[in-house]
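Student: With the hints as extra help, turn the sequences into a complete structure.
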Amino acid sequence: MTNSPVSVPMSAVKNDFTCPFSKKTWSAADRNAVDLQVKKAIKLGQLEKASKCNRCGKVTGRIDLHNHSYDHPTDSLEQLCQGCHTSMHVRYNSKGPNELDREMWQKFMSFR
1 MTNSPVSVPM SAVKNDFTCP FSKKTWSAAD RNAVDLQVKK AIKLGQLEKA SKCNRCGKVT
61 GRIDLHNHSY DHPTDSLEQL CQGCHTSMHV RYNSKGPNEL DREMWQKFMS FR
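Taking our numbering, the leading residue of the sequence shown gets 1, the next gets one more, and so forth.
Don't take each hint at face value.
What the hints assert, rightly or not - In silico DSS-like cross-links for lysine-lysine, where the CA-CA straight-line distance does not exceed 27 Å: (1) K39 to K24; (2) K58 to K43; (3) K52 to K40; (4) K39 to K58; (5) K49 to K39; (6) K40 to K24; (7) K39 to K52; (8) K23 to K39.
To be verified - Have a look at the derived ranges for each label pair, beta carbon to beta carbon: (9) D16 to V59: 29 to 35 Å; (10) G83 to Q46: 26 to 32 Å; (11) Q106 to T74: 15 to 21 Å; (12) A28 to D75: 17 to 23 Å; (13) A29 to C56: 29 to 35 Å; (14) V59 to T25: 30 to 36 Å; (15) T60 to D30: 29 to 35 Å; (16) E48 to E99: 24 to 30 Å.
Don't read these hints as lab results, they were simulated from the structure. All of these numbers come straight from a predicted model, not from anything done at the bench. The beta carbon of each residue, even a glycine, is placed where N, CA and C say it ideally should be.
Tutor: Right under this line is the structure:
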């Protein structure tokens with residue numbers, strides 16, 4: 001099986017998103033614009049494609065780039081396998097993020 005990293009899977013985001021930490025909301029249009037910006041940066045060689053899950057270490061299958069802040073689209077990306085990415089969004093949408101999510105968000109936001 002070959003490693004086939006994938007960048008930002010959102011090709012047509014339809015929902016607004018409110019960050020559980022900053023409480024800022026981004027529209028679907030904003031999120032789609034960021035998706036295109038990240039894809040363009042990858043195509044131009046300014047960003048590398050995702051290749052290893054930052055949470056579980058998986059290197060095969062689909063690896064996404066999760067954006068921790070749409071205000072800083074290329075500075076707040078975390079590489080996540082499809083399983084970790086999905087479980088993180090399920091937590092965000094149901095009972096809220098866990099402590100690891102909070103720590104990772106703070107780490108990525110420290111760039112700002």
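Student: Is the gap between the beta carbons of D16 and V59 within 29 to 35 Å?
Tutor: holds (33 Å)
Student: Need the status of pair K39, K24: alpha-carbon distance at most 27 Å?
Tutor: holds (23 Å)
Student: Is it true that the CA of K49 sits at most 27 Å from the CA of K39?
Tutor: holds (9 Å)
Student: Range first: 30 to 36 Å. Now tell me if the beta carbons of V59 and T25 are that far apart.
Tutor: holds (34 Å)
Student: Within a Cα-Cα threshold of 27 Å, do K39 and K52 meet the stated pairing?
Tutor: Holds, because 18 Å separates the two Cα atoms, which is no more than 27 Å.
Student: Is K58 within 27 Å of K43, Cα to Cα?
Tutor: Satisfied, since the Cα-Cα distance of roughly 23 Å is no more than 27 Å.
Student: Does K58 lie within 27 Å of K39 when you go C-alpha to C-alpha?
Tutor: holds (22 Å)
Student: Between K52 and K40, is the straight-line Cα distance small enough, at 27 Å or below?
Tutor: holds (20 Å)
Student: Taking the Cβ atom of A28 and the Cβ atom of D75, is their distance within the range 17 to 23 Å?
Tutor: Between A28 and D75, where Cβ atoms are some 22 Å apart, the hint holds.
Student: Assuming the hint says 26 to 32 Å, is it satisfied by the Cβ distance from G83 to Q46 or not?
Tutor: holds (28 Å)
Student: Does the hinted range 29 to 35 Å hold for A29 and C56 at CB?
Tutor: holds (32 Å)
Student: K23 and K39 were given as a pair; does the straight-line alpha-carbon distance stay at or below 27 Å?
Tutor: holds (26 Å)
Violation of the numbered hints given earlier is absent; every hint is satisfied by the structure.
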